[in-house]
Structures are given as structure tokens and as C-alpha cells.
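Chemist: One-letter residues, chain by chain:
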Amino acid sequence: MKIVVCVKQVAVLGDEVEFTGDEREVDPDYLDFALNEWDSYATEEALRIREEVGGEGDEVVVVSVGDAQVEDAMRRCLAMGADRAIRVDYSRSADPITVARLLAPVAQRESPDLVFCGVQSSDGVQAATGTALAELLGLPCVAVVTRIEWEPSASRATVRRELEGGLLDLTEVDTPALLTIQTGINQPRYATLRAIKQAEQKQIEVVSPAEQGEPAYRVRRMFAPPKGEGAQILAGGPADIAQRIREIVAERLK
Amino acid sequence: MARDPKYDILFEPIQLGPKTMKNRFYQIPHCNGFGSEKPLSQAYFRALKAEGGYGACCTEYCSISPESDDTHRVSARLWDDDDIKNLSVMCDMLHEHGALAAAELWYGGPHAPCMESRCVPRGPSQIPSDFEYLTYPKEMDKDDIRQVQQLYVDAAKRAREAGFDIVYVYGSHSYLPQQFLTPYYNKRTDEYGGSFENRARFWRETIEQVREAVGDDTAIAVRMSTDMFMGDSGTQLERDCLPFVELVDDIVDVWDINVSGISEWGEDATPSRFYPSGRMLPWQEAVKKVSKKPVLGVGRFTSPDLMIEAINGGKLDIIATCRPSISDPWLPRKIDEGRLDDIRECIGCNICISRWEIGGPPLICTQNATAGEEYRRGWHPEKFDPAENADNDVLVVGAGPAGMECAMILGKRGMRRVHLVDANDDMGGIMRWIPQLPGLGEWARLVNYRKIQIDKLRNVEFVPGTTLDADGVREYGAEIVVIATGAYWATDGLNGCTHDTIPGADAAQPWCLTPEQIMRDGKEVPGNSVVIVDNDGYFMGVSLAEKLASEGKKVTLMTPLGNIAPYMHFTLEAPNQHRKLHKLGVDIVTYHIPSRIEQGSVTATHVYDEEAHEQKWDADAVVLVTQRRSDEALYRELKDRIGFDALGEEGISGCYRIGDCEAPRLIADCVFSGHRLAREIDSENPEVPKPFIRERRVIERELAVV
Chain A
1 MKIVVCVKQV
11 AVLGDEVEFT
21 GDEREVDPDY
31 LDFALNEWDS
41 YATEEALRIR
51 EEVGGEGDEV
61 VVVSVGDAQV
71 EDAMRRCLAM
81 GADRAIRVDY
91 SRSADPITVA
101 RLLAPVAQRE
111 SPDLVFCGVQ
121 SSDGVQAATG
131 TALAELLGLP
141 CVAVVTRIEW
151 EPSASRATVR
161 RELEGGLLDL
171 TEVDTPALLT
181 IQTGINQPRY
191 ATLRAIKQAE
201 QKQIEVVSPA
211 EQGEPAYRVR
221 RMFAPPKGEG
231 AQILAGGPAD
241 IAQRIREIVA
251 ERLK
Chain B
255 MARDPKYDIL
265 FEPIQLGPKT
275 MKNRFYQIPH
285 CNGFGSEKPL
295 SQAYFRALKA
305 EGGYGACCTE
315 YCSISPESDD
325 THRVSARLWD
335 DDDIKNLSVM
345 CDMLHEHGAL
355 AAAELWYGGP
365 HAPCMESRCV
375 PRGPSQIPSD
385 FEYLTYPKEM
395 DKDDIRQVQQ
405 LYVDAAKRAR
415 EAGFDIVYVY
425 GSHSYLPQQF
435 LTPYYNKRTD
445 EYGGSFENRA
455 RFWRETIEQV
465 REAVGDDTAI
475 AVRMSTDMFM
485 GDSGTQLERD
495 CLPFVELVDD
505 IVDVWDINVS
515 GISEWGEDAT
525 PSRFYPSGRM
535 LPWQEAVKKV
545 SKKPVLGVGR
555 FTSPDLMIEA
565 INGGKLDIIA
575 TCRPSISDPW
585 LPRKIDEGRL
595 DDIRECIGCN
605 ICISRWEIGG
615 PPLICTQNAT
625 AGEEYRRGWH
635 PEKFDPAENA
645 DNDVLVVGAG
655 PAGMECAMIL
665 GKRGMRRVHL
675 VDANDDMGGI
685 MRWIPQLPGL
695 GEWARLVNYR
705 KIQIDKLRNV
715 EFVPGTTLDA
725 DGVREYGAEI
735 VVIATGAYWA
745 TDGLNGCTHD
755 TIPGADAAQP
765 WCLTPEQIMR
775 DGKEVPGNSV
785 VIVDNDGYFM
795 GVSLAEKLAS
805 EGKKVTLMTP
815 LGNIAPYMHF
825 TLEAPNQHRK
835 LHKLGVDIVT
845 YHIPSRIEQG
855 SVTATHVYDE
865 EAHEQKWDAD
875 AVVLVTQRRS
885 DEALYRELKD
895 RIGFDALGEE
905 GISGCYRIGD
915 CEAPRLIADC
925 VFSGHRLARE
935 IDSENPEVPK
945 PFIRERRVIE
955 RELAVV
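If you're matching them up, the sequences are chains A and B in order. Counting in this note's numbering, the first sequence runs from 1 upward without gaps. Counting in this note's numbering, the second sequence runs from 255 upward without gaps.
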């Protein structure tokens, strides 16, 4: 049994942001980096399946796209307990379709039973990589998964997915399949210092990028939205402010 | 980051008579336990605030003569030339940072017990102090008045010589000039008593004489309490203070305005339990309306938005801070640099003030473990040396006040990785629930500040929801282990009065409860009548009494002490807490210790008369606030079962415990404990605090043999 988990090192914005001179990117000086929150749930879910129903030789393999810097996030997954990690060496910024094209050959080569992606990344927030990858791999895809029931011997899994408006959908899917994993599906574990140290010693396989084709989009300009108008700051004690809010609401309701 | 332009007004210079203050941040006079006799501690303490951006810093109250000797409490003193030398260090260090230095010249009258000098204080009328026992003043005749005014003049000249830019003629807190102004103290029938003009005469003449002596190049400040909350006999805003401002406004350079007398000066140094920031603004605004001179005043301002509101609203010209400057000496600088989330906001617990009230010890601060340690331990609240063993990973078990502080400081000292592990989902330890006690909401700032800092530190990770046993610690992979597992309230009535348990006390019973069972675990307090047994003497017993009485219970608060919550007299919380409990109908029983507790009743005896005084109280529930015990199980497992040698073989070079886990203590001391260990984690033996500089006179051996 093998589960491939596709993970991303996301950029985290601080309170202040500046853009690069060409206005196409956020100045890296203003960025911090972390493992994408959704991907930590996806990794945890893969580890739990391996621990609960897996056996000798079963593997959880994390795959990511980026330069050597993204290995920090991958090592977090290794510290959590992933068995192997493969990095597709790519140093430019990439749109979700390009990322899927870069991931696809690696996922293909590994021929896993399940491929997990996070539903979305906290920096890009496009929720596209997982479904694009499923298409490229020719795998059935279930998005926004909040529960998985699966036996390695079975050729199908029962999964629960989240729909709009609090609805849940219980569905069956043939495996191999690609699932995009929603936060809250589990409680991701924290790695001990020992596990972190051991993960530091592990070799991360680096593969060259495949042909990416045309990018799906280009960033033309990044900018902070202009300040809106019409905000009113109310001064005074809580009672005065409450009274004033009441008046404003009453006025607007007229 | 840059300063938000809306705060620019805080950084505009302002003229105080002959002196220019570079901005609007003023450190109000406040005690620190150093006075004139620990001059380097004094100087380093004040200078750190100047380094942090304060435009002016003041001494604590600064005695002008041996007949104003506040011993056992510690004041500054300008009695002689040697005091000039000692305080000049503070002035020089403040000037190096571009800040003005101020001296609060003080004559206490009947409130100064003169326990060191054995002098006799002088006062307007012969009535003993309402603050100090057995202290009577000599009633001043005209010669006395001239002589005391000369003491002010001489001290002002010494202050100027020391390098002070601002000298006070200090009245607030019921000291001599204000005593003359106030009928409560002034019963005179001569030209210094009776009418407003007469009551104002002593203060006016003294200001005139001090101005005459030093006023050309030294600013004259007057600190006045504008309401003593005592009705007709106390100082009153309209009757006394506004006319006084008009009377002497021309010869005063800056007004320092507050409220209260001395016996309830918690109305001025307001605990957060009772008052929010800016509580004195109405009085300060009233003075500002009649004065042409700058008005400054305190209000425990920690938020720059409240500061600019006070200035833009015409209520103050200068933001004076006392406690917020102790909690964060770099408050102005952080506002200037746009680092608002780095501000260590004062929580208003008044543990700083408690040290002055106790008399003698240096001040401490719950939020700022480095307060008072600037010189003697060389600690800087914002600067940290990289640890010599920074290539180590540290495991801190327990994210309470001690554990959070330790992890944060270890992170700032650049340890490779720090894991702060806690069984709960969030940081805080006991501070997850203590701020939920009535009135203590602001105490949660202790947790919030550290959470934000820890979140910023890339080398510190909080690991929630994780309980480690000794083997878990051993296998965790850290080179250094810090145990901060806290303490718990005794469940069997063990207490410091009888040094024994209380027969029948057992918090496993549904009717018998401990504080954390009520606050943390949500254990229901059954029935209507509750007896709280309080041997602790600080906030826990009275806070629970207030909470349960507010919920409609009939509460009896019983203590073997002569007073409930005696420590709250030191934090100035006692008077209003008494009022609250009284209003809520809490029955207070002092000098009693339970001899037996059973379901439905508590039997107790008088501590000085065990046989004759046995009485029974109905009690549907009993709350045990008798003592705490360290939760040291994990530490004992590591030390006694596994052993430090065995841990060493696994690569753990040090295993230490901090905070309540070692011995229960004040929250401030828990924070200090975590901070101290982190500061000294690379010392020869981190378990033992390094010696601190004891500022004292060391005699030459030959001279000592007389």
C-alpha cells in the first residue's frame, strides 16, 4: 500500500507587505514560510491509514515542487512520520496547472493506491492543483473530503465530503483515486524534537522538472486595494458608542 | 515599521518653563526600593526608560530632610551632599538619552514615621497619621513653617546641583503642602488655616520660595490630588484645587494631577480589578481648563489610542505613566516604531506597589521580570545575548506563566529549537482561568503578550494537547529539559496554620471543592450556603467569595488570619474589595480555623482560644483555599526513577524545574523564575541563580578596626 501526499510550502504574510520592483510578487523579506495547513491534515490522514490498516513495507510518500527551501516543509512531514520525500526541483513561481504538470510524472512513477492533496493552499487559495492532477493522472477525484473508509485490499473507498451550506455527501470512489483533504478531518500530530532531528538526516530525492507547457496564467500586477471611504470612527464610552450605532442603523433602515 | 502618523502628537516637544521635553511621555514619580542609597540600581532603572523613549523620568518621592524619613519604606533622599552625588548618576544617565530628570521633593509630615532618623515630623495640626500607626507630628508654629520652607529651598538647590531639570513641590497623597490645604489635616485658626487663602498659604509660599531659589533654569512642578473622596473634610476640586491652580498658575511650570489621599491611594494607583485606564481624566481635564500651563497625569495608559484621545480631547498635555513604564520601559519607542503588538501591557495587579507598601524590597513586576534587575543582574528587557549553548534543543513542559516566559526568553536567546508542550489546547496554565475571576480580565494580558511573542519566534514551537510522562520526556529528543508543571490547591485542607490537614476535608466529595475545580473543571458548587476556608491571604479566597456571592450564594469567608486577604492591602485592592464583599453580604470570619468539616457544616475554633470558641457554620459546600502544592510528579519521576545520570546518557545534559512546580509562589515570581533560568541557561549551574550585585558599602578592613 502506498499513499502519495502532495504538499506545499506556503508563504505567510506579516502585518506589513511590500511588493517587488516589478509589482509581480510580494517582496520575500516580508514573507515567512510554513507547511500548508491543509497539507498537514492530508499528511496526518495518510499516516493514520498506514498505521491503522497498513503493513510491512507500506509507505507514505510526500511530494513537493520547489527549490531547496521548500524542504523545510517536507521535513516537517518526514518528522510527522512520512517514509520518503521527493522534491521536483523548480525555482520559478508556478500556477496550479503547472504544479500539477510537475507533480504528475512523479505520482505516476510511484503508482500509489491513493493520492492526497490539501483542498487548497493558504497563500494561493485556488483549490485547483488537486483536481488538475487527478485529470492528468486519469484518476477519479473526490474534493473536500472529511472522512475516509478504505481497506488496502478493497478496490473502492467510502468517503464523506463537505458541500455548501453544511451538507455532507457520502460517496464511493474506485481506487486508485485522488482525494483533496479538508482541515478538521483529524488532529495533525506534532513531531518530537527527536523525530525532527531524524527527519533532518533523511535524504530527500530530487527529480528534474518535466515539460510544463504553457502557464495557465501570468501575474500582471500585485497591489494593495485602495482604501475605501465612508468609515466613521465613533468616540466616547461604550454607552455613547452603542447609542450612536443605534441611531446610524435606524437612519439607514429608513 | 514606522510610526502611525496619528500618534505624531505624542512625539511633539513641549515646553516646561525653562526646559524643553522632547515628547509627551513622562515617567511619573514612583518607588522602586532603591532610593538614594542604591544609586546605581536607581540610575539604571530610570535610564532604561529614557532609552525606551521617555522624555522625562522622575525619582520616587524624594525626602528633603531627616524629619521626613519614611523608613521602613524606601524613598529617595536629598539630605546632604552625598545624596547629591548619588542621585547625580541618575540625572547623567537620563541626560545621555536626551530625557529630563525630575525630583519629587517630599515632606511627609505625620505620615513619615522617622524610624531611621528618630526625628519628629512636623504637621499643620497635632493629629496622628491615618496611614501609619503611632506617628504624631509636632504642630507647626510660625518658626516651624519658615524652617520647613527653608528645607524645601535647600533641597531644591541640592536637586539642581545633582542635575535635576524639574523639581516638585509635592502635595498629592496627603503630604505636607496638601495637608495644609485640607481641613481633614489642617485645624489651624491662624493665617495658615480656615479660609481657602489661609489653607493655600503654606503651599503657595513654598512654591514661591523654591521658584525664587532655582526657578530660572529649573522647572517647577506641582503634584496635587484634586479629590480625596472624603466629602467636606478632604480636598475638593471646585472648592480647593481649581482656585489653587488659578492662584499659583503663574509660578508653576507643569501640573501633575491625580486624586486620592494616602490611606486609600488605590484610588490613584488603581488596580485593574476596579478601574480601567484613564479613570482620572475628568479631574485632569478640569485642571487643564483653568491652567495655562501643561498638565500631566497618570491613568495606567498602555494604549496609544487612549493617549492621543486624552491629548486631542484637551484633557492632558503629557501622558504620565507609572505602572505601564515598569511593565514596558520601551513603551514610547515601541509606539514610535509601530510595534504595538510588542508592548508588554501593564495588567494592573499592583504587585509592584505591594513591595513599597511592605516596606523595603525592590519592586517586582508580573509582566516584566527584568524590572529592578537592570543593574544588579544586568538584565535588559529587550536585549538578549545569544546563549553559549544555543546549539541545544530545549523541551519546556508546561505552558503556564513560568513555562511561557522561559520558552520565550530561550527563543530570544537563539536556542536552536524550543518546544513548549502543554496538556491543554492553549497556553496559559493557571492563567487560563485566573483572569476569569471577577475583575481580573486584564490579567490575561500576561498570556496574550507571550503568545504573540512566541508566535513570532521561529525557533519556538507550542505543542498543544500533549501530555508527556517521564519516558516521553526522555525520548523527546531535547538536550535540555525544563519542567514547569505548576501547582494545585490542596484537596485535604493541608494548611500553613495547623501544618496539618483538616479532618473531613476531601475535595473528592461533591460538596467539597478547590479553586481549580470550580474555575477550571466546572465542578458545581452545590446548595446555597458556602464556607470558603482561606489561609492563602491573597486574591483567590476573596475572588471566589465575590464570584459565589454574586451568583446568589450565602458566603462565609473564614480565615485564621486577622484580616481577609492581607496581601491585598499591599496591592491597594483591599478597601474596594472589602466594600464589594460587604455589599454582597459576605460574612467574614477572622481568626478562625476549621477543626472539622463534614457534609452540611464546618466547625471552627478561634486560633487563640481553641476550647471556648468552637462554633459551627452551616455549609452546603466548602471551598478549600488552604494552600497549594507543587505538581512535581513528572520532575520526581525524571530525577528519582530515571535519574539525571541516565538522562545524561540519552543526551539530556540538564533537567530543571521552574515556577510553582518547584514551590508555589506569586505569578510575578513564576515569570521571574522562568526568565531567570532562560537568562542563565548557559551558566555553570543553571539550577542555582548566579549572584547579583549587592549595592552596599564594603568597608576597608583596616578602617574597621577602631
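If you're looking for bench data, these hints aren't it; they were derived computationally from the structure. Hints are not guaranteed to be accurate.
[Claimed, not checked] For each label pair, taking beta carbons as the anchor points, the in silico distance ranges come out as:
no.	chain 1	residue 1	chain 2	residue 2	range
1	A	G228	B	G726	47 to 55 angstroms
2	A	D29	B	D679	27 to 35 angstroms
3	B	P536	A	G228	29 to 37 angstroms
[What the hints assert, rightly or not] Which residues of chain B face chain A? A partial, calculated answer using Cβ under 10 angstroms:
no.	residue
4	M255
5	P259
6	I565
7	K588
8	D595
9	L649
10	A677
11	R712
12	E715
13	T720
14	D723
15	A724
16	G726
17	E729
18	A732
[Stated by the list, open to error] Heads up, simulated PhoX-like pairs for lysine-lysine below, C-alpha to C-alpha not over 25 angstroms straight-line:
no.	chain 1	residue 1	chain 2	residue 2
19	A	K227	B	K834
20	A	K197	B	K710
21	B	K588	B	K546
No residue lacks a Cβ here, since even glycine has one placed at the ideal position from N, Cα and C.
Chemist: Give a verdict on every hint.
Modeler: Consistency of the hints with the structure:
1. Between G228 (chain A) and G726 (chain B) the beta carbons are some 52 angstroms apart, a value that agrees with the proposed interval 47 to 55 angstroms.
2. At about 33 angstroms, the CB distance of D29 (chain A) to D679 (chain B) agrees with the hint of 27 to 35 angstroms.
3. Distance hint check for P536 (chain B) and G228 (chain A): the Cβ-Cβ separation is about 36 angstroms, which falls inside the suggested range of 29 to 37 angstroms.
4. Interface hint status for M255 (chain B): upheld, as the beta-carbon distance to the closest one in chain A is roughly 6 angstroms, under 10 angstroms.
5. For P259 (chain B), the suggested interface contact is broken, since its CB lies about 14 angstroms from the closest CB of chain A, more than 10 angstroms.
6. With its C-beta approaching chain A no nearer than about 13 angstroms, I565 (chain B) sits outside the 10 angstroms limit, and its interface hint is violated.
7. Taking 10 angstroms as the C-beta contact cut-off toward chain A, the hint placing K588 (chain B) at the interface is violated, the least distance being around 14 angstroms.
8. Because the smallest distance between the Cβ of D595 (chain B) and any Cβ of chain A comes to about 8 angstroms, under 10 angstroms, the interface hint for this residue holds.
9. Taking 10 angstroms as the C-beta contact cut-off toward chain A, the hint placing L649 (chain B) at the interface holds, the least distance being around 6 angstroms.
10. At its closest, the beta carbon of A677 (chain B) sits 13 angstroms from a beta carbon of chain A; the interface hint therefore is violated under the 10 angstroms criterion.
11. Restraint check, R712 (chain B) versus chain A: the minimum CB separation of about 7 angstroms is within 10 angstroms; hint holds.
12. Restraint check, E715 (chain B) versus chain A: the minimum CB separation of about 8 angstroms is within 10 angstroms; hint holds.
13. Among the interface hints, the one on T720 (chain B) holds; its C-beta lies about 6 angstroms from the nearest C-beta in chain A, closer than the 10 angstroms criterion.
14. About 13 angstroms separates the beta-carbon of D723 (chain B) from the nearest beta-carbon of chain A, more than 10 angstroms, and the hint is not met.
15. Because the smallest distance between the Cβ of A724 (chain B) and any Cβ of chain A comes to about 14 angstroms, over 10 angstroms, the interface hint for this residue is violated.
16. Hint status for G726 (chain B): holds, given a least beta-carbon distance of 8 angstroms to chain A, under 10 angstroms.
17. Because the closest C-beta pair between E729 (chain B) and chain A is about 6 angstroms apart, less than 10 angstroms, the hint holds.
18. Hint status for A732 (chain B): holds, given a least beta-carbon distance of 5 angstroms to chain A, under 10 angstroms.
19. Distance hint between K227 (chain A) and K834 (chain B) is unfulfilled; the C-alpha atoms sit about 48 angstroms from each other, more than 25 angstroms.
20. Proposed proximity of K197 (chain A) and K710 (chain B) is supported: the alpha carbons are some 22 angstroms apart, at most 25 angstroms.
21. Distance check on the hinted pair: K588 (chain B) and K546 (chain B) sit about 31 angstroms apart at the alpha-carbon level, beyond 25 angstroms; violated.
The structure fails hints 5, 6, 7, 10, 14, 15, 19, 21 (numbered hints given earlier, in ascending order).
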